[in-house]
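Visitor: If you read the protein sequences in the order shown, they are chains A and B.
The opening position of the first sequence corresponds to residue 1 in this note's numbering, with each subsequent residue numbered one higher.
The opening position of the second sequence corresponds to residue 1001 in this note's numbering, with each subsequent residue numbered one higher.
Keep in mind the hints are simulated off the structure, nothing from the lab.
Please note that a few of the clues may not be correct.
Straight-line alpha carbon distances no greater than 30 Å define the calculated DSS-like cross-link-like pairs of lysine-lysine that follow [unchecked claim]: (1) B:LYS1059 with A:LYS309; (2) A:LYS310 with B:LYS1145; (3) A:LYS310 with B:LYS1059; (4) B:LYS1145 with B:LYS1059; (5) B:LYS1216 with B:LYS1059; (6) A:LYS310 with B:LYS1216; (7) B:LYS1216 with A:LYS309.
Okay, the calculated bits of chain B under chain A, using three or more residues with CB under 8 Å as the criterion [as the list claims (entries may be wrong)]: (8) 1045 to 1057; (9) 1089 to 1100.
Virtual Cβ for every residue (Gly too), placed ideally from N, Cα, C.
These are the residues of each chain, in order.
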Amino acid sequence: MSTDTASPRRPAWPLRMWNGLRRNPIIYKEFRSRMRQRRALWFIILPLLGAAGLIILVSLTVLQESNAADFESRRQVGQAVFIVIIGIQATLAMLVAPSISAGALASEHEHQTYDLLRVTLLSARSLVWGKFVASAAFIIFLMLLQVPLLAITFLFGGIEPAEILVHTSVNLASVLYFCSLGVFISSLNRRSLPATIGAYVFAGMLSVFLPIMLLLVGTLVFGAFDSANLPPLMEALMMAGALLLVALSPAGTMLTSEIFLQDGDLWYTTTTLSNGVTLYSPTPWVVFLVLSSLLTLFFLGLTVRRVRKKDK
Amino acid sequence: MSAILQTENLTKRYGRGRQSRLALDSLTFHVEEGDIFGFVGPNGAGKTTVIRILATLLKPTAGEAWVGGYSIRSDTRAARRMLGYMPDFFGVYGELTVREYLDFFAGCYYIPPRERPPLIADLLELVDLGHRRDDDVDSLSRGMKQRLSLARTLIHDPQVLILDEPASGLDPRARVEIRDLLVELARMGKTVFFSTHILADVAEICTRIAIIEAGKLIAQDTLSALGLQQETPQRAITLEVLGEPAEAERILLSIPALRDVQPSPENDLPPERSRWQATFSGDDRALSALLSDLVTAGLPVVHFSEQQTSLEEIFMQLTQGIVS
Ligand SMILES: Nc1ncnc2c1ncn2[C@@H]1O[C@H](COP(=O)(O)OP(=O)(O)OP(=O)(O)O)[C@@H](O)[C@H]1O
Ligand SMILES: [Mg+2]
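Isolated chain B (complex conformation) (with noise of 0.2 Å):
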């Protein structure tokens, strides 16, 4: 496995002097062949233009990036040919069918007249939208146009889809649709690194993630050594009980799974109840074995209810502190 995306010390600052903007601040990491890459941050985290910049649109301030090997600053023309790119807005022509939208993109990176009509089915069949051929462009709709988008990225048959926010905007069946059309294009082999905000898409496809925030990188690694897989989920256990609290502690203390025991901060409860908070990962089954072991360690437990850790908090952890 080799890294097909790099970036090293990638730092992009807008403007000039004291007016200037630092977007991204050293920013190191890697895409494997093969990966789905999601690139998670919060609205002006730099995502954009860490996109631009792999996509040859962008020249950065200081470090360097690779496309497949290609210098993105030398070596544009080779990284161009790896690459398939889609903003975060449509781009599209409004006197053009679908077909010949795909056929002058196809014109743009000199594929032969004669090869491009099978391409152009093949494609459209693969985004589903054969059946919208001959019809204006800007008569589709808004998933049909992300659709017809990543059909143009895939004309040159690149190795690696550069996507900014491929779902955003989309309705949930639509981004669904996106979401399985990734999945499709990493089992023809292409190695698919996007950017979003959504957390779901990424727990759901992603091979690994990157998290930047306010231009630094925070974290990049898979998803379960992040804690973001969705199979162990983080768990949050509330726990009400009756009797002494330093009693109950050394109780809960005692038991390996849980963790984070501390009292919950609340004082609404009657004197002889104690209420506790802790985490605990593990499935359903896990769950209920370690509600019978409290029980079994002699713990008198009155409430016991667990609120799964939403993504969005995890997420919201690891980036506390460093909101900008």
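If we strip away everything but chain A, and leave its shape as in the complex, we get (with noise of 0.2 Å):
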């Protein structure tokens, strides 16, 4: 008798992946201890208490200028609550992931329980993705507190679905980008402190370094040739350095991504090239998802490697 007929089948990776995280101590571990930390009484509170500042300030400047009756100007205070919103949560996204990621492993370290967890029969890849989760899911938890301050934008109206749907998904990836990064630079120190000043240091240098960088390389490269009659093989690079570029950084993302929801462009966009093809290429924010879940991809699996090395 052949054992694979006797075994049970193997269930499909999905959920074999939730079975993974569902038994795995250290996610659990991680927001027990971080909710009873004083700090996440403050990590809790701030954003809730700014939002809400935030939104009074906003929607009281935009009245004043107009009629509160008038439709428009309703739409406008939506609109104005809408970017208050998604900013806090983008705030939480690039600056308060890389701290609490970056404290992973660096923490067990200051605990001297690395070795206690090493010793387990945890794998590495489930302590690295246990902390992974365990962090983005802190951070997300602190977005949906948001949430419910979300609702006062549909009372004024003037947001389209497209719209929460670029953003939300934005500022979710990114959580997931930087939390991977501050993960990876968490496992290359052994305190907290040099290590969330290392993530925020790496996340600065790629979101916001290295498209300048881009930026004026591609001036450089592109302001060679005569603009006015750049070969359409050239236009077509330039397009997609340029998204490229935009796609770094999620505040860029966003920004653009609201100019092309403007057109009606949400999934992709075509421009005319100057030989009279019509380039085809998607709008920036999925560009961004696929970007950044593949750095996520690649920083998690790199902090594998390290923790899996770091045995030896």
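Can you join these two chains into the complex? Each is in its own frame, and there are hints to help.
Guide: What follows is the structure, encoded as structure tokens:
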């Protein structure tokens, strides 16, 4: 009798992954101890206070300049509130996620528990993924706290479902991206403080410094050509370059995606090159989702490898 | 009886090039199932290095080690299942209670959640921490943390416990408690391997020991074979006798129970007296019999005293000359 027929069928990978996460002791432990820290309270209260304050400020400013009953100005208030909430969520993703995740492995060294974990049956992959999921889940939890405020925007109107889709998915993707980056930096440090600083510097390099450098290089390269009659291939390359450049930073992605949305382009956009060929390209947020997901997996893979190697 | 821990030419070099330091030099020893094995050596001898290698946390530069027959190089996971490791530091999470702490590590060994509460209750009872189960781990005393650590090492019912200085930094009472626990664990069928530089611990509970110094193994054997057993202590005898030193020496050398007979180097005695030193092993009854033997043999004894050789002295004798 073959063992294959005797053993139960291996479940599909999403189920296996879910089971793996459910059995992962790290996630539960992290959440429990995180919520017991006094810091957690501030992480919960401050963004809410900030959002409430900004919403009141913005609404009053808009309403002062126009008539409250006026349909258009109500839409404006709705949009302003939306921007505030998305902005706060983006801040959580870009500024809080790296610092939360940078403590992931470094703090185990600080507590002198790293060896205790490594000597158990917990694999390097479970450790890294557990830390990653725990820190991302905490940020997403903080973001969810903002959702009731989002309801206000529906009262006022002026927000398209497409906008919600774009900004929410970009925010979620950047949480994952920055958490994976933070966990990676965490595996290079034995102390939380240098890890946190390192994570901010690295995140800044990737989403601010790198696009600026690319912009400079791009301007130099394409500046050598006569911009009026660029060869079509160059035009296409320039478009692709600009897209990538924008999609390296979540903020850039959100701003440009908004512009495309105004033109009604949600998933893709078309440009006509000088030779009459129509170029189809994905909108920046789609590129960002793909790019950041790949980078997230890359950083996590790198971290797992590092943790495995540290055993030696 | 089979070896549950075994090393073969275990060598560890920290660092590379000229800055490197040889911490372990071709260490070969084994621990048998059921042993309470003391791993003894002065500071910096390489005890922690050996323990971290056996616990699969450090890869040796050369040589091999097996835990329960599984290679720490190639069968890491199987080896980890066999061993419980306690480092020479605590490693606690401030925000967890005693019970949650053990529950977390049970999770790390994939013990099903249903089985954990009774298991944890049993372990807490074993280490006498049941009454503190809902307290923060941070609020425990040093001795309690050490006992909690011991409970943690037991959570997956390992065959062999590898403990780095389990008694260091504890007051005498806590030390005795830990010692009793180790004996209890051995009775439950666990093999206990622990490092220490407290020789009294070794003498009281170990079945076998190994002595390491500057990365080299000096001895591994049972306590009695190494002369460390407290039941048959080595005794240093000092004698003062009257008369001709040559005559005294002849009589002293004729007593077989006396060894290492030699004149005392001090020379503060009146000319008619001579002082001698010798070693003797035996209990008090044998000692008093020795005195009567000496008198019967015609030796005019005017002073007879003994000083029990401390474990430390024997240890110093065994390790002398190898000090780095
Ligand atoms: N990570 C390291 N890097 C470089 N050298 C090290 C390292 N760890 C230990 N050593 C050196 O290896 C030697 C053995 O150290 P080890 O910690 O194993 O000794 P030990 O017997 O446990 O000492 P103690 O009784 O003080 O705990 C020492 O000379 C030490 O300086
Ligand atoms: Mg040590």
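Visitor: Are the hints correct? Go through all of them and say.
Guide: Evaluated hints:
The straight-line distance between the Cα atoms of LYS1059 (chain B) and LYS309 (chain A) is roughly 10 Å, inside the 30 Å bound, and the hint therefore holds. Between LYS310 (chain A) and LYS1145 (chain B) the CA atoms are separated by roughly 27 Å; this keeps the pair inside 30 Å, and the hint holds. Of the supplied pair hints, the one linking LYS310 (chain A) and LYS1059 (chain B) holds, its CA atoms being roughly 10 Å apart against a limit of 30 Å. Restraint check for LYS1145 (chain B) and LYS1059 (chain B): the C-alpha separation of about 28 Å stays at or below 30 Å, so the hint holds.
Under the criterion of a C-alpha separation no larger than 30 Å, the hint pairing LYS1216 (chain B) with LYS1059 (chain B) is consistent with the structure, at around 18 Å. At roughly 26 Å between alpha-carbon atoms, LYS310 (chain A) and LYS1216 (chain B) fall within 30 Å of each other, so this suggested pair holds. For the proposed pair LYS1216 (chain B) and LYS309 (chain A), the alpha carbon gap of about 28 Å is at most 30 Å, so the pair holds. Coverage of the stretch 1045 to 1057 of chain B by chain A holds [criterion: at least 3 residues with CB-CB distance below 8 Å; count 4].
Under the rule that three or more residues need a Cβ within less than 8 Å of chain A, the assignment of the stretch 1089 to 1100 of chain B holds, with 9 such residues.
Of the numbered hints given earlier, the model fails none.
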